[in-house]
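Sequences are here, hints too, so could you generate the full structure?
First to last, the protein sequences are chains A and B.
So the first sequence is numbered by my numbering: it starts at 1 and just counts up by one.
So the second sequence is numbered by my numbering: it starts at 1 and just counts up by one.
Simulated from the structure, these hints should not be mistaken for laboratory data.
Ideal Cβ positions, reconstructed from N, Cα and C, are used throughout, including at glycine.
Heads up, some of the hints might be wrong.
[Stated by the list, open to error] Not the full set, but computed from the structure, chain B residues with beta-carbon under 8 Å of chain A:
#: 1; residue: V121
#: 2; residue: L133
#: 3; residue: V150
[What the hints assert, rightly or not] Stretch by stretch, here's where chain B covers chain A in the computed footprint (C-beta under 8 Å, at least three residues):
#: 4; stretch: 102-116
#: 5; stretch: 125-131
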Amino acid sequence: MARDVSGPVSPKEITLEPQERYHTIAVLVDNEAGVLARVIGLFSGRGYNIESLVVAEVDTEEKLSRITLVTSGTPMVIEQIKAQLERLVPVHKVMDLTVDGPSVERELALIKVRGTGDKRVESLRIADIFRARVVDSTAESFVFEMTGSTDKLDAFIELMKPLGLVDVSRTGVVAISRGTRPM
Amino acid sequence: MPNACMSGSHIVLKALEDQGVDVIFGYPGGAVLPLYDTMFQQNRIRHVLVRHEQGATHMAEGYARSTGKAGVVLVTSGPGATNAVTGLTDAMMDSIPMVCLTGQVATHLIGNDAFQEADTVGITRPCTKHNYLVKDVNDLARTIHEAFYVANSGRPGPVVVDIPKDVSIAEGEYVAPEAIRHKTYRPQLKGDLTAIEQAVELLLEAKRPMFYSGGGVVNSGPAASQLLTEFVRLTGYPITSTLMGLGCFPASDSQWLGMLGMHGTYEANLAMAGCDVMVAVGARFDDRITGRLDEFSKGSTKIHIDIDPSSINKNVQVDVPIIGDCAHVLEDMIKVWKASGRKADSQAVEDWWSQIDKWRSRNSLRYEQGDGLIKPQYALERLRELSKEKDTYVTTDVGQHQMWAAQFLPFDKPNRWMTSGGLGTMGYGLPAAIGVQVAHPDSTVICVTGEASLMMCIQELSTAVQHRTPVKIFLLNNRYMGMVRQWQELLHGGRYAESYMDSLPDFVKLAESFGVTGLIASKPGELDKVIEEMIETDGPVIADIQVDPDENCFPMIPAGSAHYDMLLGPNGEAEVNEDGLAMV
Numbered sequence: 001m002a003r004d005v006s007g008p009v010s011p012k013e014i015t016l017e018p019q020e021r022y023h024t025i026a027v028l029v030d031n032e033a034g035v036l037a038r039v040i041g042l043f044s045g046r047g048y049n050i051e052s053l054v055v056a057e058v059d060t061e062e063k064l065s066r067i068t069l070v071t072s073g074t075p076m077v078i079e080q081i082k083a084q085l086e087r088l089v090p091v092h093k094v095m096d097l098t099v100d101g102p103s104v105e106r107e108l109a110l111i112k113v114r115g116t117g118d119k120r121v122e123s124l125r126i127a128d129i130f131r132a133r134v135v136d137s138t139a140e141s142f143v144f145e146m147t148g149s150t151d152k153l154d155a156f157i158e159l160m161k162p163l164g165l166v167d168v169s170r171t172g173v174v175a176i177s178r179g180t181r182p183m
Numbered sequence: 001m002p003n004a005c006m007s008g009s010h011i012v013l014k015a016l017e018d019q020g021v022d023v024i025f026g027y028p029g030g031a032v033l034p035l036y037d038t039m040f041q042q043n044r045i046r047h048v049l050v051r052h053e054q055g056a057t058h059m060a061e062g063y064a065r066s067t068g069k070a071g072v073v074l075v076t077s078g079p080g081a082t083n084a085v086t087g088l089t090d091a092m093m094d095s096i097p098m099v100c101l102t103g104q105v106a107t108h109l110i111g112n113d114a115f116q117e118a119d120t121v122g123i124t125r126p127c128t129k130h131n132y133l134v135k136d137v138n139d140l141a142r143t144i145h146e147a148f149y150v151a152n153s154g155r156p157g158p159v160v161v162d163i164p165k166d167v168s169i170a171e172g173e174y175v176a177p178e179a180i181r182h183k184t185y186r187p188q189l190k191g192d193l194t195a196i197e198q199a200v201e202l203l204l205e206a207k208r209p210m211f212y213s214g215g216g217v218v219n220s221g222p223a224a225s226q227l228l229t230e231f232v233r234l235t236g237y238p239i240t241s242t243l244m245g246l247g248c249f250p251a252s253d254s255q256w257l258g259m260l261g262m263h264g265t266y267e268a269n270l271a272m273a274g275c276d277v278m279v280a281v282g283a284r285f286d287d288r289i290t291g292r293l294d295e296f297s298k299g300s301t302k303i304h305i306d307i308d309p310s311s312i313n314k315n316v317q318v319d320v321p322i323i324g325d326c327a328h329v330l331e332d333m334i335k336v337w338k339a340s341g342r343k344a345d346s347q348a349v350e351d352w353w354s355q356i357d358k359w360r361s362r363n364s365l366r367y368e369q370g371d372g373l374i375k376p377q378y379a380l381e382r383l384r385e386l387s388k389e390k391d392t393y394v395t396t397d398v399g400q401h402q403m404w405a406a407q408f409l410p411f412d413k414p415n416r417w418m419t420s421g422g423l424g425t426m427g428y429g430l431p432a433a434i435g436v437q438v439a440h441p442d443s444t445v446i447c448v449t450g451e452a453s454l455m456m457c458i459q460e461l462s463t464a465v466q467h468r469t470p471v472k473i474f475l476l477n478n479r480y481m482g483m484v485r486q487w488q489e490l491l492h493g494g495r496y497a498e499s500y501m502d503s504l505p506d507f508v509k510l511a512e513s514f515g516v517t518g519l520i521a522s523k524p525g526e527l528d529k530v531i532e533e534m535i536e537t538d539g540p541v542i543a544d545i546q547v548d549p550d551e552n553c554f555p556m557i558p559a560g561s562a563h564y565d566m567l568l569g570p571n572g573e574a575e576v577n578e579d580g581l582a583m584v
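In structure tokens form, the structure reads like this:
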């Protein structure tokens, strides 16, 4: 029996207070022990939201990691979040991709769908429309890999639910500014 | 020249010495035995043995607040570190520079729930400005130098360096503290000139201007207080200060309106509410200052000078933020003001002052001293009078006595007033006084306290005796947790739940048992003699001043009320709505 797996709550599904907005923030930090705990502790300690959070080393020589996080709040709260992040000693730079010019946002998901017969064929057909790739297959299941905006992933996952969705793994949003300018 | 190779504990001592440390407040234990062994074999750094690690942290705070130098604490792993957490949090809230070295179990034992192991960096992460776990002895010297840099620069704060026992035994390289240029941490000192010019323009045009200064002025150093005083006198405008900022402008000056906030003066709070241009200098719009946020100084244009960008627009939206060290910014403001060749609107400012004088004439700090019980305010006024010839430093604990001390003891210089403002830590006063006395052995250091607060770190009396720090404990003993009782009287129908101290010690005997002089006064007529004797005694003293247990601290802005809605005395009516009851 397929479990009811709904993906992570999409930001769009939560109703925000007036004035509140989602912001995607990139934080360049020293890749040292405890740095992620400092960032997360700041958010939980001060009562800020984290909708998604991605972290990986991006510069092995300089030992820098880039944290991309999606948060929400009023302009005053978002300003506080950025100032508080900048106050952390191992933080090099904070960039608000939502307001500092145009940016590209992507998310990757691995989606497991179990089924046979028509449902199995239908899931493959929809995957094709969404340009999802099959990365694992058994006689009764597929694992699809899909990259895109959060909305696109949400839509695909929604369509897979009646077709035997059993498992979802999502990376959360990564983002980068458009144009020539580095962070 | 190759760097010297030495043991980790020698590296620690050498680094502290090169950082100009002359005293450590600490308590030994298993994980720091190598460090204590090395310390035993040198005599350049003094060690003050405390009786509880919390005491060590408050001593370091008192030392730091009165000298401007970082206070240094050394404690062992596990309980040593967890006992230091209150003092670290206190230093974090009040931006006090402190370096706390904690022992840790050997690196191979970390994570194994070893004896006296605690996740010190995990526990202290939210209550320090930064913290480090040093796993390699070759990182030790650099880390300690960096810890001092981080603790002292920008908005100061506590820094923890956690040192596993094997690291303090291992041999490694010592590096000297060159001019540290931290990879990422570089606080901005100079303010933006355009913003400064805009601020001066606003001040020149102001009809009802107001200076609101805070602890940041004291933290910036004595120059900031001098510049603030110069600028305020140049403008002729009124000034108030937070609890933490007392002393950054001379209290004897006629432009001084007294402290503002929950127990601030009527004139200071009403001037804040009624001003048209407000300059916040090193203050952070704390809830004790603003009262109900939506009613806070609605008609004013706000200028905010702060070294910490996260202080700007945190609680109150300001119009002209200036990020920088307040000494630098004030210096530029004075230059710009003078260069403008203009003067303040003297007619408007004169009208503003006559309004303020009307508020002043309410004499909001008045009290009545009869023949019966000693009023705490009277005791403090006598203390002020009888200690004014002395070179005095004052520490306090937390509660009614703290607010009365802030109201009735005047400070003309910064670094003379040590109190736990942000965290409100009962137990701070006595150890802080010992720390101040260690730094200023020839001065008169007075700890104004209450009996409930004093009991929280009473064991440090033993430290005071051992290290010959003749602190004067001025105990305003009302047999109640006074501020709790006051709130219960005004807000909880007079139901005094657990605020009565039923089995208090005889403080004179208690003092004597520690080898401390104990004095007692229970009538107004006995006060002067006891205070004089306290000040002249060569050694620590507890002066048990038995004060009126029912006295309340006024003025008071009840929690959740607007900052112009003040209770001026026992006959005022406290009207607190449900939101207010939920406020601390």
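Hint-by-hint comparison with the structure:
1. With a cut of 8 Å, the hint placing V121/B at the interface with chain A holds, because the nearest CB-to-CB distance is about 6 Å.
2. Interface restraint check: L133/B against chain A, minimum CB-CB distance 7 Å, threshold 8 Å, status holds.
3. Below 8 Å, beta-carbon pairs count as interface contacts, and V150/B has one with chain A at about 6 Å; its hint therefore holds.
4. Counting residues of the stretch 102-116 of chain A whose CB lies closer than 8 Å to any CB of chain B gives 0, so the stated coverage by that chain is violated, three being the minimum.
5. Residue count for the stretch 125-131 of chain A with a Cβ under 8 Å from a Cβ of chain B: 0. That is fewer than the three needed, and the coverage hint is violated.
Violation of the numbered hints given earlier is confined to hints 4, 5; the remaining hints are satisfied by the structure.
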